[in-house]
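Read off the chains here:
There are 2 protein chains.
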Amino acid sequence: MKAKPIPLQSVKLQDRIWQSRFQLVRDEVIPYQWDALNDRIPGVPPSHAIRNFRIAAGESEGEFKGFVFQDSDLAKWLEAVAYVLAVEPNPELEKTADEVIDLIANAQQPDGYLNTYFTIAEPDKRWTNLRDWHELYCAGHMMEAAVAYYEATGKRKLLEVMCRFADYIAETFGPEPRKLQGYPGHPEIELALVRLYHGTGGEKYLKLSKYFVDQRGQEPHWYDIEAQRRGDVPKYYFSDIGYNYSQAHLPVRQQETAEGHSVRALYLFSGMADVAVETGDEELLEVCRRLWDNVTLRRMYITGGVGSERYGERFTFDYDLPNDRAYTETCASIALVFFAHRMLQADMDAKYANVMERALYNGVLSGISLDGKSFFYVNPLEVWPEAGRVRHDLQHVKTERQGWFACACCPPNAARLLASIGRYMYSAGEDTAYIHLYAASTAELVLAGMKVRLIQETDYPWQEKVTIKVEPEEAREFAIAVRLPDWCEDPSLAVNGKEADLTQATSRGYAYIRRTWQPGDTIELTLPMPVQRISANPKVRENAGRVALQRGPVVYCLEEVDNGPNLSAVILPRDSELSAQWRSDLLGGVVTIHGKALRIDEDRWNGKLYMPAKAPPATREIEITAVPYSTWCNRKPGEMLVWIREA
Amino acid sequence: MKAKPIPLQSVKLQDRIWQSRFQLVRDEVIPYQWDALNDRIPGVPPSHAIRNFRIAAGESEGEFKGFVFQDSDLAKWLEAVAYVLAVEPNPELEKTADEVIDLIANAQQPDGYLNTYFTIAEPDKRWTNLRDWHELYCAGHMMEAAVAYYEATGKRKLLEVMCRFADYIAETFGPEPRKLQGYPGHPEIELALVRLYHGTGGEKYLKLSKYFVDQRGQEPHWYDIEAQRRGDVPKYYFSDIGYNYSQAHLPVRQQETAEGHSVRALYLFSGMADVAVETGDEELLEVCRRLWDNVTLRRMYITGGVGSERYGERFTFDYDLPNDRAYTETCASIALVFFAHRMLQADMDAKYANVMERALYNGVLSGISLDGKSFFYVNPLEVWPEAGRVRHDLQHVKTERQGWFACACCPPNAARLLASIGRYMYSAGEDTAYIHLYAASTAELVLAGMKVRLIQETDYPWQEKVTIKVEPEEAREFAIAVRLPDWCEDPSLAVNGKEADLTQATSRGYAYIRRTWQPGDTIELTLPMPVQRISANPKVRENAGRVALQRGPVVYCLEEVDNGPNLSAVILPRDSELSAQWRSDLLGGVVTIHGKALRIDEDRWNGKLYMPAKAPPATREIEITAVPYSTWCNRKPGEMLVWIREA
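Protein sequence lines correspond, in order, to chains H and U.
Start counting the first sequence at 1; every next residue gets the next number (my numbering).
Start counting the second sequence at 648; every next residue gets the next number (my numbering).
Extracted from the complex, chain H is given alone in its bound form:
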C-alpha cells in the first residue's frame, strides 16, 4: 500500500458536475428511493423492501415479496445516505436512517443472522444455495452501509449488527469440516469484509474474505456439492456459460481473463485486490493486474462500459465490443471504478485512475438523467430506436431512461458512488499527496505529520487549466503527485509560475513535485484539450473505419436531435476541423463539438435497395454537433452514435 484514500469528510466539492450530481442524489434520488423502498410511488411496482424488514422484525404480518436480494436495495440506500451525512449535516435524513437501522437491528435473528427472505419465507434453507441466492451478497452490502454510516456519524449500532452477522458467517464458513466450504454466487462480501476489517480492525473479517476469495472455483466444486445436498441436478442456470457466470470456473489465481457476469467479476476483483493489499499477497495482486489488463485492454468500451452481451450480462471474449448490443450496465462501470480505485492505491499507477476517470465521466454518468429522475441500466454506444423497439436481441436496450426498475440495482449503486465521489479524488501517503481527479474542490490531508489543504480551482473537464493552491500548516518538504491523464498528449505544469520539467519527475503517469511547500504555493496544470479523434484497435471489428470524438476525458456522441436521423450516413472527413464550444444553456452546461461533415445523399436512391457503387458516393455537406455521451437522451429520444464513420 503506497497510499490511502482520504476520508470523504475531508473533501469539499465545488465542481459543477460532481457537486450537481451530489445535490441530485441528496435532493432527488435518496428521497425518491426512500419512497420506493416504502412502496409509496404510484405506478411503480412496490419494492416491499421496508415491509420485508418489518415482517422479519415481527412488527408486521405478511409474506416476503420481491427478489431474493431485495434487502440490498435498502443497504445501498443507507450507504448513500451515509455519504451524504459525511459531506454535510442533515438531521432529518439522519433521523430517518437511525429509525431504519433500529428496524434492521430488530430483524436480526438471535444467532446474528440477517436476511429477510430466509427469515420470513424459507428459514430452513439458509446457505443451501449460495450459487443462485444472494445471502452473502446482501450481507456484504449491509456491511458496507454499516461501515459508511459509522464513518459518517460515529454511530455504531448498524456496525455492531453487522459484526454480529459477520461473526456468525465466520462460524459458518471455512475450511474446517464442520463448516460450509462455500462462497457467494454474486461476489460483494469479499470487499465488504475488508471494509469491515478497516472499520473495526477485526482481522477475522479479513481472514474470512481471503477464504471466500481462495475457495472460489476449487474442486470438488461447492456448487455441485450444495446442489447434490438440495437434491438438484448440479447444473447451472446459464448452462451455456457454466461456472464462468460467477467466476467460479477456476480458482481465482488461475484465472487469466475476465469472465462471466461483469458486475460479479469486478466486485470479485475488487475484493481480491483488497485482500492482496491487506495481506501483502503479491501473487494475488499480480492476478489482479492481469485481469485488469484483460478488462481494460481488450474488453472495455471507450466509455468505460463493460459487458458485451445481455445473456449472462457478461464479458464475452477479447475485442468483442458491439456497440448496439452492448450490455454495459451502469453497475458494471461503477464496479470498474471500485476495482480501479483499489488497484490505484496498490500500485499508484495512473493507468488505473485514467480508466476510473473514463468510466466516471462517461459510462457511470450516462446512467442517470440530468434531473436525477430516470436511469439507464444498459448503456449502448449506438442506438437506433426502431431496432430497440422491434428486435428481440435488443430488448435489453432501452431507448429512454426508465423511472425505476424491478431489479433496481443501478440507481442506488449510482447514488452511493456519486454521493461519495470525493473519496476517489485524493490519496495520501507518508509524505506524498496524490491528486487523481480534477474538480473544483478543497481537500484536507495529513502529510509529513501535519495538515495540508489542497484547493483545486478549475472548470475541468471543460477547461484545460487546473490551479492547485497548496496550504500546509507550515513550510515543510513533501511531494505532491498530480496525474497526467493518458488522453493528454501535451501536459505542462508550473509551480508558482515556473515551468516544471515533466520528463524528469514523472513516474507511472504521475508528476511528482517534491519541494519545501510554503503556504500559498500554487501549481498550475495545463492539460490542452483539443478535440481528439480516437480509433479503436483494428481487432475491434465493429469500429473499423470509425472514430470516436473525445475532448479531455469526455467521450462524445451524435444525437438525432442535433444531427437528424440515420447517423450511419454521416461521414467525418479526416481533414474536417472540429471545434469545441461552451454552451451554458445546454444540458446543464457542457462543451459541444462542432464541425463540417458529409451526409450520404439518399435522394438518388429512389427507393432502390442495392445499386452499383458510383465512386465516390454522392454526399452533401452538413454541420454536426456532438454532445457528451453521458448527457445523451436528456432532450428527446432518438438515434445516438459514438463511433462515427471517417473518410
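Quick caveat, the hints were computed from the structure, so don't treat them as lab data.
Quick reminder that beta carbons are idealized off the backbone N, C-alpha and C, glycines included.
It cannot be assumed that every hint is accurate.
[Stated by the list, open to error] Cut-off 20 Å, straight-line C-alpha distance, at most; resulting in silico cross-link-like pairs (SDA-like, lysine to any residue):
no., chain 1, residue 1, chain 2, residue 2
1, H, K539, U, P1284
2, H, K596, U, P1263
3, U, K1261, H, E542
4, U, K1186, H, G607
5, H, K608, U, L1131
6, H, K614, U, E1189
7, U, K1186, H, E542
8, H, K614, U, G1242
9, H, K539, U, P1032
10, U, K1261, H, P573
11, H, K539, U, N1253
12, U, K1098, U, R1070
13, U, K1255, H, T257
14, H, K608, U, E1189
15, U, K1261, H, A647
16, H, K539, U, K1261
17, H, K351, U, K1255
18, U, K1255, H, G509
19, U, K1186, H, P616
20, U, K1261, H, V531
21, H, K539, U, E1189
22, H, K539, U, R1267
23, U, K651, U, D928
24, H, K539, U, E1033
25, U, K659, U, T1114
26, U, K1020, U, K1283
27, H, K207, H, G174
28, U, K1020, U, V691
29, U, K1186, H, V390
30, U, K1186, H, P617
31, H, K608, U, R945
32, U, K1255, H, D349
33, U, K1255, H, D293
[Claimed, not checked] Selected chain H positions facing chain U (Cβ under 7 Å, derived; list incomplete):
no., residue
34, Y311
35, T316
36, D320
37, A387
38, V390
39, H392
40, D393
For chain H, the structure is supplied; the task is to place chain U on it using the hints.
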C-alpha cells in the same frame, strides 16, 4: 396469367451448376434422406418419420416420435423424388417411392384424415390448435408431393389419397357455422391446394385455398376462439410478436408489410398470388405486389436471404439487415423463389426473375455444401467464428454446415427446389416463349400451335455469352422474350449475327424478339460481366461505407482461408482494379475475383485498445481473393465477409 411455366419434363439441363446440383440431390441427398427418414444414420437422432407412418398404418406398434410436423419431411422427400423421376427414369427409386406411397395410403384414416401425430398420439385433438400445430402444413406438403408424383409418373395413388384428404378438409373448414373458421398457423396448404386444383381440375380446392387466404386475420380471431375452446389463455407463444408471427395480425388484404416468420410469410404470399391469378382477383394481386416490394426493396439481403432475426425467424422492419445476426434461413430464400416464380407468371416482369436468380445463385445454393452432405440452416453475410462460438445472440449462426438438423426443413426443401430447377427457367404464352434463367439446357415448348426447341449454349453465370438456338418445327411467327438481368448495365443481343435495338423491344426487363423464326435461327445474348461494387441503400445502417462484390448474378465474399483473419481490417480502395479469373480447380469450378486492397496495420497498436487517430491509418497493401458467397466454407472454417469496407 400471361404465360405458364413449362413442364419439368420438357427441360434438359447440361449446365455446370444446376446439373451438378441435380446429381447431388439424386445421388447424395435423396439416398441420405431416405436413410435418415428410416433412422438408419449412425450418430444422427432418429427421424422416426417412416416409423410414425408404419404405426399409424397399423403395421407397427409404438409411440409417435419427432416434431408434430414430422410427416412433412417424408412429403418433401417424395416431392424431390418426383422431380428426379420427371427428369430421368429411375426404376429403383420409383419402386421405393411406390412402396412408401402404399404405406402413406395405409396410414390414411377412413374419413380421409392423414397425419401420423394426431392419428397415433392425440386422435381426439384434431384441428384444435391450428395456430401452433402443423396439420394443414403437413397436408399441404403431401399434396404438393402427390401432384408432383402424378405429373412425373402418371401414377394417381397418392393424388387420390390427398384428394380424399382435401375433400375432408373442405368439409371441415369454411364459412358455414357447422365448420371451423380456422386457417393454418404455418401457411403452405394455400399454395398446395392451388397445385391440387392444377393437377385435378377440382375447383373446390381453389375455393378452399381462397377461403384460407381470406379468413386469415379476421375478427373474432380464430386463434383466440380455438384457444378458448382448448381452455388456454389465448396468448401467443411468441408473445412479443403476437399474431404477426404467422401473418394473422390483419386480414391479408390490409397487410402493407411482410411480417413475422419469413418462411410462413412467403409461403402465404405464394398462395395468395396463386389464388389471385386463378380467380382473377386483381385486388389480391395488388396486395401481393405491395408485399413483394416491401420484401425486395426494404427487407432482403443482397444474397436473396430474408429474415433479419432469430427470434421468430422473422422479418423485422425496413432496412434492418444486420449481417452477422441474420437469420436468412435457406428455406426462406427458397420460399422467396416460390413467390417470385408465381409473381413472374402473373406480371411477366423481370423484377421477379431478377430476385429469383439472385436468391438461387446465392442464398439458396449457400445452404448446401458442394458435396451435398452438409447444410446451412442460417446464412449470415458476416461470420466471426469466435463470436459464433461464444455469443448467445449468435447461437443460431453455425460457422460450418451441419450434417442434419433435428428440425430438418432446409435440406429436403433445397432438394425439392434443386431437383426441379428446370421448371423455373422458361414460360410459354400463346405465342411467346420467355427465357427467365440462363443455363446450358434444351427446352421443348408449345408455341403458336407447334413444338419449338430452344437450345441454350452458355457457361453462364461465369461467362457473358448466351447462345440460344431456335428450332421450331417449321418457320412461323412468334416472339421470344429474353430477360435482360438487372445487374447487367450494357446487354446486347443479336439475331443471326444482326444486332437488335434493345431500346425498342424491351418491356418490363424482357427483350421481345418477334419475327418469323426459321429452324436454326440463333440469338446471341451478351451480358457483360465486369466485377461490380454494389452499395446498399444508406438506410441499411450495417452496410454504411461498405461494398459487396458481384459479378453477373453471383455475390462474392472474402474468406479467411484466402485473406487471413480479421476481414474487417481489409479496405478496398475505390480505384483498385478488380479482375475475374476462371478457376477450374477451385470449389468445383468458379470465377474468383482478385485485386489489390489495404489491410490496417495492427503492429503499431502494441496491445493498446484505443488511441488518437493519426490520419490516415497505417495500412499495408495486400492481394485479396473473393469467392462466390454460395461456396463459402467448403474448404475450411473461418471468417467470412460479404460487405467490405471501401475507402
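Evaluation of the provided hints:
no., hint, verdict
1, K539/H <-> P1284/U, "19 Å, holds"
2, K596/H <-> P1263/U, "18 Å, holds"
3, K1261/U <-> E542/H, "19 Å, holds"
4, K1186/U <-> G607/H, "10 Å, holds"
5, K608/H <-> L1131/U, "18 Å, holds"
6, K614/H <-> E1189/U, "19 Å, holds"
7, K1186/U <-> E542/H, "18 Å, holds"
8, K614/H <-> G1242/U, "18 Å, holds"
9, K539/H <-> P1032/U, "14 Å, holds"
10, K1261/U <-> P573/H, "13 Å, holds"
11, K539/H <-> N1253/U, "12 Å, holds"
12, K1098/U <-> R1070/U, "17 Å, holds"
13, K1255/U <-> T257/H, "16 Å, holds"
14, K608/H <-> E1189/U, "16 Å, holds"
15, K1261/U <-> A647/H, "13 Å, holds"
16, K539/H <-> K1261/U, "17 Å, holds"
17, K351/H <-> K1255/U, "12 Å, holds"
18, K1255/U <-> G509/H, "16 Å, holds"
19, K1186/U <-> P616/H, "17 Å, holds"
20, K1261/U <-> V531/H, "13 Å, holds"
21, K539/H <-> E1189/U, "18 Å, holds"
22, K539/H <-> R1267/U, "16 Å, holds"
23, K651/U <-> D928/U, "18 Å, holds"
24, K539/H <-> E1033/U, "12 Å, holds"
25, K659/U <-> T1114/U, "16 Å, holds"
26, K1020/U <-> K1283/U, "15 Å, holds"
27, K207/H <-> G174/H, "10 Å, holds"
28, K1020/U <-> V691/U, "13 Å, holds"
29, K1186/U <-> V390/H, "16 Å, holds"
30, K1186/U <-> P617/H, "14 Å, holds"
31, K608/H <-> R945/U, "8 Å, holds"
32, K1255/U <-> D349/H, "16 Å, holds"
33, K1255/U <-> D293/H, "10 Å, holds"
34, Y311, "3 Å, holds"
35, T316, "5 Å, holds"
36, D320, "6 Å, holds"
37, A387, "6 Å, holds"
38, V390, "5 Å, holds"
39, H392, "3 Å, holds"
40, D393, "5 Å, holds"
Hint violations for this structure: none, all hints satisfied.
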